[in-house]
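*Asks:* Same order as they appear, the protein sequences are chains A and B. My numbering runs 91 ahead of the 1-based position in the first sequence. My numbering runs 14 ahead of the 1-based position in the second sequence.
Errors might be hidden in some of the hints.
[Said to hold, decoys possible] Some, not all, of what chain B presents toward chain A, calculated at C-beta under 8 Å:
hint, residue
1, Gly106
2, Thr107
3, Val120
4, Tyr149
5, Gly151
6, Thr170
7, Gly261
Calculated from the structure, these hints are not laboratory results. Ideal placement from N, C-alpha and C gives every residue a C-beta, glycine not left out.
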Amino acid sequence: MLAHAPALTVLVPLLAAPLSLVFVKSRHCWIFCLLVTCASLVLSSLMLGQILDTGTIIYTMGGWPAPWGIEYRVDLLNGFVLLLVSLLGFIVMMAADSSLEKEIDTDKRKFFYSSYLLCLTGMLGITATGDAFNVFVFLEISSLSTYTLIAMGKDRKALWASYQYLIMGTIGATFILIGIGLMYAMTGTLNMHDLSIRLPEVENTRTVFTAFAFFMVGVCLKLALFPLHLWLPNAYTYAPSIVSALIAATATKVAVYVMLRFVFTIFGIEFSFEHMPLQEVLIALGVAGVLTSSIIAIYQTNLKRLAAYSSVAQVGYMIIGFAIGNVTGLTATILHLFNHALMKGALFLAMAGIMYRLGHVEIKNLQGLGRTMPLTMAAFVVGGLSLIGVPLTVGFVSKWYLVLGIIEQGWWLLAVLVLFGSLLALIYIWRVIEIAYFSPPNASTSQVSEAPAMILIPTWILVLGNIYFGIDTDLTVGITSLAAQSLFGVSP
Amino acid sequence: MITAFVISRSTDLLASIMLTGIFSLLSAVFFVLMDAVDVAFTEAAVGAGISTILMLATTSLIGQHYERRPTRHIPVYALIVVVVTGSLLVYGTMDMPVFGNVDTPVQQHVAPRYLNQSGDEIGIPNVVTSVLASYRGFDTFGETVVIFTAGLGVLTLLGFRRTEHQKNKNVIAAMYPHKILRVIGSLLIPPIMLFALYVQFHGDFGPGGGFQAGVIFAVAIILHSMLFGLAKTRRIFKDRSIYLAAGAGVLLYGGVGIVSMLKGGDFLDYSVLLSNAVSGQHIGILLVELGVGLTVATVMLIIYFNFSGRADHQHEDKT
Numbered sequence: 092m093l094a095h096a097p098a099l100t101v102l103v104p105l106l107a108a109p110l111s112l113v114f115v116k117s118r119h120c121w122i123f124c125l126l127v128t129c130a131s132l133v134l135s136s137l138m139l140g141q142i143l144d145t146g147t148i149i150y151t152m153g154g155w156p157a158p159w160g161i162e163y164r165v166d167l168l169n170g171f172v173l174l175l176v177s178l179l180g181f182i183v184m185m186a187a188d189s190s191l192e193k194e195i196d197t198d199k200r201k202f203f204y205s206s207y208l209l210c211l212t213g214m215l216g217i218t219a220t221g222d223a224f225n226v227f228v229f230l231e232i233s234s235l236s237t238y239t240l241i242a243m244g245k246d247r248k249a250l251w252a253s254y255q256y257l258i259m260g261t262i263g264a265t266f267i268l269i270g271i272g273l274m275y276a277m278t279g280t281l282n283m284h285d286l287s288i289r290l291p292e293v294e295n296t297r298t299v300f301t302a303f304a305f306f307m308v309g310v311c312l313k314l315a316l317f318p319l320h321l322w323l324p325n326a327y328t329y330a331p332s333i334v335s336a337l338i339a340a341t342a343t344k345v346a347v348y349v350m351l352r353f354v355f356t357i358f359g360i361e362f363s364f365e366h367m368p369l370q371e372v373l374i375a376l377g378v379a380g381v382l383t384s385s386i387i388a389i390y391q392t393n394l395k396r397l398a399a400y401s402s403v404a405q406v407g408y409m410i411i412g413f414a415i416g417n418v419t420g421l422t423a424t425i426l427h428l429f430n431h432a433l434m435k436g437a438l439f440l441a442m443a444g445i446m447y448r449l450g451h452v453e454i455k456n457l458q459g460l461g462r463t464m465p466l467t468m469a470a471f472v473v474g475g476l477s478l479i480g481v482p483l484t485v486g487f488v489s490k491w492y493l494v495l496g497i498i499e500q501g502w503w504l505l506a507v508l509v510l511f512g513s514l515l516a517l518i519y520i521w522r523v524i525e526i527a528y529f530s531p532p533n534a535s536t537s538q539v540s541e542a543p544a545m546i547l548i549p550t551w552i553l554v555l556g557n558i559y560f561g562i563d564t565d566l567t568v569g570i571t572s573l574a575a576q577s578l579f580g581v582s583p
Numbered sequence: 015m016i017t018a019f020v021i022s023r024s025t026d027l028l029a030s031i032m033l034t035g036i037f038s039l040l041s042a043v044f045f046v047l048m049d050a051v052d053v054a055f056t057e058a059a060v061g062a063g064i065s066t067i068l069m070l071a072t073t074s075l076i077g078q079h080y081e082r083r084p085t086r087h088i089p090v091y092a093l094i095v096v097v098v099t100g101s102l103l104v105y106g107t108m109d110m111p112v113f114g115n116v117d118t119p120v121q122q123h124v125a126p127r128y129l130n131q132s133g134d135e136i137g138i139p140n141v142v143t144s145v146l147a148s149y150r151g152f153d154t155f156g157e158t159v160v161i162f163t164a165g166l167g168v169l170t171l172l173g174f175r176r177t178e179h180q181k182n183k184n185v186i187a188a189m190y191p192h193k194i195l196r197v198i199g200s201l202l203i204p205p206i207m208l209f210a211l212y213v214q215f216h217g218d219f220g221p222g223g224g225f226q227a228g229v230i231f232a233v234a235i236i237l238h239s240m241l242f243g244l245a246k247t248r249r250i251f252k253d254r255s256i257y258l259a260a261g262a263g264v265l266l267y268g269g270v271g272i273v274s275m276l277k278g279g280d281f282l283d284y285s286v287l288l289s290n291a292v293s294g295q296h297i298g299i300l301l302v303e304l305g306v307g308l309t310v311a312t313v314m315l316i317i318y319f320n321f322s323g324r325a326d327h328q329h330e331d332k333t
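Chain A extracted, bound-state conformation (with noise of 0.2 Å):
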């Protein structure tokens, strides 16, 4: 059963989804899903421990040795990212029937549930794959059933967000598209493993220069890298509360992943750094994401919209971490996309508790909150400490790793760039405790009571996760510099 691990995380909630469409009952359905979800985060994790003994485990589809055939491939880096998606994936899941209640129909909660799986089934594909068509075949599935997701939103205006996604998506999907294919034309294979070795004899050529700006454009489009990131507040903040959760925990990661992997493994670090101006030119995005939008995010008056906004400034942070270039900066990208997904699914499910009671999610009407909700606004409080980068939080042992990483480099202003947005930060997350803990309860938040425990439970999970790998940091940091050193070649 373990030798198909690999597969079986991906194939779970991909056969299940369409099984999912057979209940009548929606609590059911969801029932089932949690199982699915639950079976998809246990054998990642069996396949994460079974790479700490033994290594990279092939996985050959069809039985056809690569590169005729599909394999997944995976190592200690997607071994991390499968075991981040399927876990975030598993306790948003166990939020989603408590919080559908109030935000989605019943009659079309079973094909949310399906949609859902497919979501993460398109995501742990593209992450579990060594091929890099099979990428774009898993990036269609996710990003169309995240399309669905969006616009199955309660506010008419989801229609035009996921529309503005769909739109931004598929140019993005096209670019990553036009340069796979110009890397097959060139190599002739579709294999990364195998294209990490043909591409270097084509390298200097042109068309191997445009793949690889077509492909980098891509996937910065699909990973919100300021200034592509135009799709990502709307989206985040008119979809369903659970759909937000799911993919502000998980999407741009993904993303992020698929970017390290071709620019490390596939095209090389000596490629991508001294044929192309990519470091020079992610670091000036980088930094400009991380200001712009935490600047935007502090005037925003929509919880979730701030969220978002904030999203883009944590793009911008992991996007830094690896251009500076270094084994410490990579490690704070890689440890910072599980320690991101852990703050952002805490927040975003404390917001499906707002959202479920009081049934918005403006600043302004929040005041008093504090009081009226405890355990949320609580949580919400924790995730916005780890946002800000505070002792005691994940959010610090990232940040922490980043600015060593560009200390090593020398680099002192972009240290003292990195350390300013962590204020701003401090800024747009104090307003929220200021009017929800200082001012009296208003008529409407005076009557509320604490979210239903099928919402708290999993943001308190979270929440804790948040606490404790900030302060036992053995684990995370131990896989993530593994798995940033294999990716510079450094055998640890």
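Since chain A is already given, all that's left is putting chain B on it; use the hints.
*Replies:* Leaving out everything else, chain B in the frame of chain A:
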């Protein structure tokens, strides 16, 4: 080129749709010239066939003309982006190996095994089918899931609006009360279905396969609904059974993979299905193509029914 330009300038949506159909047919001709008959077949069936029908269904919903309103927004940035992208593409292709050259990496690396050994390893004459369904069968599985996802999306967002008053009013059933059309149409539907089945099962030997067959089969049913009214067709093909069938297609494909896993092979390793590896490949490909066909046909129906279902509603609201 000219067709594409005219499409972008035309204000008559009907004309645009017809032109996109022509555009697809022309592309199909190009594909035939490049010896990619399977791709040409798909382009003809999907691009010129079903998507034209779907776009027509949409125009019946939103009206045929649109006015060219003077906009203050001048898309200069868009133009710059397009020009930069276009020139980058041209720049990139300058170093590309010459098309059709035997020495190119594409011809040298992976393809020789597909061409020379697929006959022994899989044993079917159509190499394209071997690659699609077996060597890269997992991609095709993924594509089937993509189609399923698309159908699910349309169903989720557009479905659930039909109910009682459609049962009461079967006026729309006589949407096109033309006797001649009906008679000729009735004559056409069975052969189209038969042709779809032929394409489905002959995919191993000639161009064709699940994707094309599914589309053609769906066209036959769509034709029925155009002639005899959507309500009648929907009475035969119930919504729930359609989407369950779409799921069943995916499950059939995946199920073949799971069975091969249980028999000790990897996912989608058809060779272990039967004691003889080549017959195993045969039966595996046959089954997965059937799954693809089922999903594609039902998803096309889902899309068409839900789009034109809305048109019917609008029509009813007016009357």
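*Asks:* Run every hint past the structure and note whether it holds.
*Replies:* Evaluated hints:
1. At its closest, the beta carbon of Gly106/B sits 3 Å from a beta carbon of chain A; the interface hint therefore holds under the 8 Å criterion.
2. Proximity of Thr107/B to chain A holds as hinted, the smallest CB-CB distance being about 7 Å (cut-off 8 Å).
3. Because the closest C-beta pair between Val120/B and chain A is about 4 Å apart, less than 8 Å, the hint holds.
4. Hint on Tyr149/B holds. Least Cβ distance to chain A is approximately 5 Å, under the 8 Å limit.
5. The criterion of a C-beta within 8 Å of any C-beta in chain A is met by Gly151/B, whose closest approach is roughly 5 Å, and the hint holds.
6. Interface restraint check: Thr170/B against chain A, minimum CB-CB distance 4 Å, threshold 8 Å, status holds.
7. A hinted interface residue such as Gly261/B counts as satisfied when its beta carbon comes closer than 8 Å to some beta carbon of chain A; here the least separation is about 3 Å, so the hint holds.
In this structure, none of the earlier numbered hints is contradicted; all agree with it.
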